[in-house]
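Number of protein chains: 2
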Amino acid sequence: MNFLRSYLPILDWGRHYTRDALSNDLIAAVIVTIMLIPQSLAYALLAGLPPEAGIYASIAPIVLYAVFGTSRALAVGPVAVVSLLTASAIGQVAEQGTAGYAVAALTLAFLSGGFLLLLGVLRLGFLANFLSHPVIAGFITASGILIATSQLKHILGVNAGGHTLPEFVMSLLSHLGKVNLPTLLIGLVVTGFLFWVRSGLKPLLQRLGVKPGLAGVLTKAGPVVAVVASTLVTWALALPEAGVKIVGAVPQSLPPLTLPSLSPALLQSLLLPAVLISIIGFVESVSVAQTLAAKKRQRIDPDQELIGLGAANIGAAFTGGYPVTGGFARSVVNFDAGAETPAAGAFTALGLAIAAVALTPLVYFLPNATLAATIIVAVLSLVDFSVLKKTWAYSRADFIAVAATILLTLTLGVEVGVASGVGISVLLHLFKTSRPHVAEVGLVPGTQHFRNINRHDVTTDPNVLTLRVDESLYFVNARFLEDLIQSRVTEGCAIRHVILMFSAVNAVDYSALESLEAVNSRLKDMGVGLHLSEVKGPVMDKLKTTHLLHDLNGKVYLAQYDAWSALAAQPSRRAAE
Amino acid sequence: MNFLRSYLPILDWGRHYTRDALSNDLIAAVIVTIMLIPQSLAYALLAGLPPEAGIYASIAPIVLYAVFGTSRALAVGPVAVVSLLTASAIGQVAEQGTAGYAVAALTLAFLSGGFLLLLGVLRLGFLANFLSHPVIAGFITASGILIATSQLKHILGVNAGGHTLPEFVMSLLSHLGKVNLPTLLIGLVVTGFLFWVRSGLKPLLQRLGVKPGLAGVLTKAGPVVAVVASTLVTWALALPEAGVKIVGAVPQSLPPLTLPSLSPALLQSLLLPAVLISIIGFVESVSVAQTLAAKKRQRIDPDQELIGLGAANIGAAFTGGYPVTGGFARSVVNFDAGAETPAAGAFTALGLAIAAVALTPLVYFLPNATLAATIIVAVLSLVDFSVLKKTWAYSRADFIAVAATILLTLTLGVEVGVASGVGISVLLHLFKTSRPHVAEVGLVPGTQHFRNINRHDVTTDPNVLTLRVDESLYFVNARFLEDLIQSRVTEGCAIRHVILMFSAVNAVDYSALESLEAVNSRLKDMGVGLHLSEVKGPVMDKLKTTHLLHDLNGKVYLAQYDAWSALAAQPSRRAAE
Numbered sequence: 001m002n003f004l005r006s007y008l009p010i011l012d013w014g015r016h017y018t019r020d021a022l023s024n025d026l027i028a029a030v031i032v033t034i035m036l037i038p039q040s041l042a043y044a045l046l047a048g049l050p051p052e053a054g055i056y057a058s059i060a061p062i063v064l065y066a067v068f069g070t071s072r073a074l075a076v077g078p079v080a081v082v083s084l085l086t087a088s089a090i091g092q093v094a095e096q097g098t099a100g101y102a103v104a105a106l107t108l109a110f111l112s113g114g115f116l117l118l119l120g121v122l123r124l125g126f127l128a129n130f131l132s133h134p135v136i137a138g139f140i141t142a143s144g145i146l147i148a149t150s151q152l153k154h155i156l157g158v159n160a161g162g163h164t165l166p167e168f169v170m171s172l173l174s175h176l177g178k179v180n181l182p183t184l185l186i187g188l189v190v191t192g193f194l195f196w197v198r199s200g201l202k203p204l205l206q207r208l209g210v211k212p213g214l215a216g217v218l219t220k221a222g223p224v225v226a227v228v229a230s231t232l233v234t235w236a237l238a239l240p241e242a243g244v245k246i247v248g249a250v251p252q253s254l255p256p257l258t259l260p261s262l263s264p265a266l267l268q269s270l271l272l273p274a275v276l277i278s279i280i281g282f283v284e285s286v287s288v289a290q291t292l293a294a295k296k297r298q299r300i301d302p303d304q305e306l307i308g309l310g311a312a313n314i315g316a317a318f319t320g321g322y323p324v325t326g327g328f329a330r331s332v333v334n335f336d337a338g339a340e341t342p343a344a345g346a347f348t349a350l351g352l353a354i355a356a357v358a359l360t361p362l363v364y365f366l367p368n369a370t371l372a373a374t375i376i377v378a379v380l381s382l383v384d385f386s387v388l389k390k391t392w393a394y395s396r397a398d399f400i401a402v403a404a405t406i407l408l409t410l411t412l413g414v415e416v417g418v419a420s421g422v423g424i425s426v427l428l429h430l431f432k433t434s435r436p437h438v439a440e441v442g443l444v445p446g447t448q449h450f451r452n453i454n455r456h457d458v459t460t461d462p463n464v465l466t467l468r469v470d471e472s473l474y475f476v477n478a479r480f481l482e483d484l485i486q487s488r489v490t491e492g493c494a495i496r497h498v499i500l501m502f503s504a505v506n507a508v509d510y511s512a513l514e515s516l517e518a519v520n521s522r523l524k525d526m527g528v529g530l531h532l533s534e535v536k537g538p539v540m541d542k543l544k545t546t547h548l549l550h551d552l553n554g555k556v557y558l559a560q561y562d563a564w565s566a567l568a569a570q571p572s573r574r575a576a577e
Numbered sequence: 001m002n003f004l005r006s007y008l009p010i011l012d013w014g015r016h017y018t019r020d021a022l023s024n025d026l027i028a029a030v031i032v033t034i035m036l037i038p039q040s041l042a043y044a045l046l047a048g049l050p051p052e053a054g055i056y057a058s059i060a061p062i063v064l065y066a067v068f069g070t071s072r073a074l075a076v077g078p079v080a081v082v083s084l085l086t087a088s089a090i091g092q093v094a095e096q097g098t099a100g101y102a103v104a105a106l107t108l109a110f111l112s113g114g115f116l117l118l119l120g121v122l123r124l125g126f127l128a129n130f131l132s133h134p135v136i137a138g139f140i141t142a143s144g145i146l147i148a149t150s151q152l153k154h155i156l157g158v159n160a161g162g163h164t165l166p167e168f169v170m171s172l173l174s175h176l177g178k179v180n181l182p183t184l185l186i187g188l189v190v191t192g193f194l195f196w197v198r199s200g201l202k203p204l205l206q207r208l209g210v211k212p213g214l215a216g217v218l219t220k221a222g223p224v225v226a227v228v229a230s231t232l233v234t235w236a237l238a239l240p241e242a243g244v245k246i247v248g249a250v251p252q253s254l255p256p257l258t259l260p261s262l263s264p265a266l267l268q269s270l271l272l273p274a275v276l277i278s279i280i281g282f283v284e285s286v287s288v289a290q291t292l293a294a295k296k297r298q299r300i301d302p303d304q305e306l307i308g309l310g311a312a313n314i315g316a317a318f319t320g321g322y323p324v325t326g327g328f329a330r331s332v333v334n335f336d337a338g339a340e341t342p343a344a345g346a347f348t349a350l351g352l353a354i355a356a357v358a359l360t361p362l363v364y365f366l367p368n369a370t371l372a373a374t375i376i377v378a379v380l381s382l383v384d385f386s387v388l389k390k391t392w393a394y395s396r397a398d399f400i401a402v403a404a405t406i407l408l409t410l411t412l413g414v415e416v417g418v419a420s421g422v423g424i425s426v427l428l429h430l431f432k433t434s435r436p437h438v439a440e441v442g443l444v445p446g447t448q449h450f451r452n453i454n455r456h457d458v459t460t461d462p463n464v465l466t467l468r469v470d471e472s473l474y475f476v477n478a479r480f481l482e483d484l485i486q487s488r489v490t491e492g493c494a495i496r497h498v499i500l501m502f503s504a505v506n507a508v509d510y511s512a513l514e515s516l517e518a519v520n521s522r523l524k525d526m527g528v529g530l531h532l533s534e535v536k537g538p539v540m541d542k543l544k545t546t547h548l549l550h551d552l553n554g555k556v557y558l559a560q561y562d563a564w565s566a567l568a569a570q571p572s573r574r575a576a577e
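Protein chains in written order, with the working numbering: chain A, 1 to 577; chain B, 1 to 577.
It is worth saying that the hints were derived from the structure and are not from the lab. Treat the numbers as computed from the prediction; the structure is a model and nothing was measured. Among these hints, one or two may not hold up.
A pair counts as met if it fits within one copy or between any two copies, since identical chains are not told apart.
[What the hints assert, rightly or not] Using 25 Å as the maximum straight-line C-alpha spacing, the simulated PhoX-like pairs for lysine-lysine come out as follows: (1) Lys432 <-> Lys536; (2) Lys389 <-> Lys153; (3) Lys178 <-> Lys211; (4) Lys432 <-> Lys555; (5) Lys295 <-> Lys555; (6) Lys432 <-> Lys544; (7) Lys555 <-> Lys245; (8) Lys432 <-> Lys296; (9) Lys544 <-> Lys389; (10) Lys542 <-> Lys389; (11) Lys211 <-> Lys296; (12) Lys555 <-> Lys524; (13) Lys542 <-> Lys555; (14) Lys202 <-> Lys555.
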């Protein structure tokens, strides 16, 4: 039973479901449903899929996440970045608008779901940590720019294409002569309106006496107003005849039963993009879920989240959708609107199902330019170059990771960009630990403390060299320490004893062990003793299984002061340099 | 002048060159020359090149290393592992025995030399550290097996081929019917003799009253005896007519002036192998040089070694050679024979030049089987599976790295093997640091020390949670700490304060900083304080540039005891679990 409960969190909260929670969940669901209709249509457009795919992708996945997920407020469905990644991945295997394209989207969702489930069952959620915060920040910013640029074609009413910033720009420039003016007008007006809603509407409503909470929710309804108004205008003025592209006929239907393709060639070419989409989606989703959970002192289980998101994606694959994850905007609206349990998500799904059956004829005259404008305004809020400034101030390595990720994502595409970002972060981390901080320390007079001789007035002894190593020792930095000791001992020939102070050494791997053995035997050849001090328990446990301690041309001291007391013969005061 | 001296170590030792050093260097040079003649021929055979290439590769490179290198005893020339790597790399672009094959070898040496010089000028020698000791040990052992197996065809007198162990074995088995008996007989006798020389001759000589040092040098002359004896037998019995393959005509000439090919296609296909050969050769060379230097309390400069080896390889490219590096066997003989300065190397080069001009007709009847036997006996001493046992006992991660390197090198070839080994080591290291040791600590009564509550009887306070983090915080483990704190605080609802004890945190990267900010803001939402203690100077310097300390919902304490004194209200004694 406990086993079942750990895999089915619904058994946990479902047993205590109250009438109050029900009414709160219902209210949240209505608000989220209204917000999701235009958003789902827009993201489907971004992914290059027919508009209904966006709605279908919000129904079954929400229900499945409600059963398997651990967050109380997360709203699962299509999101901007995953839609862009989907378009980029499928664009390489099928032509937009063909049946193969839609099947590839189902297959991508299927693979992504399978990969997430696999990680979840194997409890490998920590793999997502390889995406460092700077890489994610750089990637999101660059994706925002790519998405916004990709949508400009809908605003201009031209047939441009591409997958990278230079491609988009070149393609748009070459189509500038074919701009459709009515489309451009709609696009600009809607974009301007939505920007005003974001920045100006909420303060205005509050000045008019509306409560801040309600004002926030009303602000989120801005896209709905834009959708209704531009649809009416387009219908009334018969703008499609003037070349304005519209959503057109959307089938009135519940999500259909669909099957992903299992063709080995397709699976193989979509596998890597699916892994990427899974991990990026998971990271976005977990950040949102964790932030919302903390506000109510609840917690989420990242490994179970993998199961929840995996089930949601499998669901999308069999009901005409495409890859989904927990979205930031929709989850925050859900939370702010008072959702208490995942049941709110189930009610949202119900609302969207009704919309899919009954309301789709109403969006027939909705211009694509309006959807593009909602996307542009949404994603531009993700663009944030301040991370460049912040990382520059804090750490050059992190800055390089962000800058490279942004640059490569914009110029070589989302997949190369994020993969290079991960590779660069790992290399820079290894580089930083490859030359660890090693301080020569001496005794602070009147205490048992040892500090850096270059920063403090300390007592030293020309016969005793004490080095405090501020890093775990492993293969990348093992030789560095070897070289350092070698150079220190040959320079100052008075040295009779070397003490390595291990207070900050959290691990010693086999390469470092062999380096220590080599240092020991070289120092022995020179008639110099090698001693260790303040070795941590777990490190000592490991070293005890080896010959090093037995062959050591010196001793292991519990405290550095013990080593100093035993070895220093002619201490002399030394001022900081 | 100092700048010149740092790039031309010869200016350093050359000015103090004495008559004593000269005579010591001359004696060493004679001994090394005699040993090098058969070894050079054998390694050329292993690399798939004509025998003279091995001698040429030992002349100019030795002189250039003497000018630019920093080791006093290192002997540069063809070595077993690099010869194997050369054969494997060139075998993919040219047919053995063709002119294109020899030109590809020159080009490989040229690329390798250029890469080493580049690393040296950019002072990037530490990149070699990515080859961990377990990966090197596994690679050397697997290479030894591959080399020995590849030479069996010469012992059997058949035309087998291949690049991996399964290929070698299958090819040998399919040729078993064509074994040449006289060749096999020579091969077995020489192999047996050489093994006996290694294990039985030195003790015998010492029993006969020969001094240990001289006995050691005489033992190294074993291959020379085998070469002379088997050449005489082959000539006297006219064995080539019975199908015994011999070295045959070797041009009597000084090293010719040759030019590497600069064809872009060739350069591109040899670039990666050249990088691999450079790094492996560099690692082997530096280990040998460092060990020998330590014995005389001298030191070598790894970055200048890159320049020395780079120059040696460029030299090999222009004088009919192939990639070279500092060899273990020849350097030890040079050192044991009393070489004092790199001039010994220059005299060795002179000796080999004389041999190339005058002595090559003498090796006409030398059977290939003899050369193969010297290679087999030399490389089998490199095969050492004990590293599997040692790493298993010390650390599973290192064991996996060794085992994977051995297995992949044997089955998929040297390049895939060593590249996978590096990749696996890096991933395992990141994996280990991704779930750092985090101990909940309490106060040891009567002291100011804080220890793990699960190992010691300590005082704790239900309102205060102190976690000692035993790892630097960076992107791979940042979320782990975030999750851990979240789960601990939601579990124990009495907790009012969380103290993170940073005594073993050597660095905090930007991702970890953002995680700490997230933890801080979530704890603030829960009304829980977040405090830091024992933050190191360099870490504190970084944190001071950020908003974290300003926004911290708590304080930074110099010592953990200060934090405890300020925050613990109702301490209670708690026994270890």
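Margin query: If the cut is 25 Å between Cα atoms, do Lys432 and Lys555 qualify within a copy, between copies, both or neither?
Written below: neither (30 Å within a copy, 29 Å between copies)
Check: Between Lys211 and Lys296, at a C-alpha cutoff of 25 Å, which is it: within one copy, between copies, both, or neither?
Finding: Cα proximity of Lys211 and Lys296: one copy only (22 Å, versus 83 Å across).
Note to self: At most 25 Å between CA atoms: does that hold for Lys542 and Lys389 within a copy, between copies, both, or neither?
What the structure shows: Between copies only: 15 Å across chains, 43 Å inside a chain, cut-off 25 Å.
Item checked: Intra- versus inter-subunit Cα pairing at 25 Å for Lys202 with Lys555 -> Answer is neither: 70 Å inside a copy and 36 Å across each miss the 25 Å cutoff.
Next item on the list: Evaluate Lys432 and Lys544 at a C-alpha cut-off of 25 Å and name the case that applies: within, between, both or neither.
Entry: Answer is between; shortest inter-copy Cα gap is 20 Å, intra-copy 29 Å.
Note to self: For Lys178 and Lys211, with the copy left unspecified, which applies at a CA distance of at most 25 Å: within, between, both, or neither?
What the structure shows: For Lys178 and Lys211, the Cα distance exceeds 25 Å both inside one copy (47 Å) and across copies (95 Å).
Check: When no copy is named, should Lys432 and Lys536 be tagged within, between, both, or neither for a Cα gap of at most 25 Å?
Finding: both (23 Å within a copy, 17 Å between copies)
Check: For Lys432 vs Lys296, is the C-alpha pair at or below 25 Å within one copy, between two copies, both, or neither?
Finding: Answer is neither: 38 Å inside a copy and 32 Å across each miss the 25 Å cutoff.
Next item on the list: Go through the copies and call it for Lys542 and Lys555: within, between, both or neither, with a Cα cutoff of 25 Å.
Entry: within (16 Å within a copy, 36 Å between copies)
Check: Between the shortest in-copy and the shortest cross-copy C-alpha distance, which are at most 25 Å for Lys555 and Lys245: within, between, both, or neither?
Finding: For Lys555 and Lys245, neither the intra-copy (82 Å) nor the inter-copy (59 Å) Cα distance is at most 25 Å.
Checklist line | Up to 25 Å CA-CA - Lys524 versus Lys555, copy category | finding: within (13 Å within a copy, 47 Å between copies)
Note to self: If the cut is 25 Å between Cα atoms, do Lys544 and Lys389 qualify within a copy, between copies, both or neither?
What the structure shows: between (47 Å within a copy, 16 Å between copies)
Going down the numbered hints, you'll see the structure goes against 2, 3, 4, 7, 8, 14, while the others check out.
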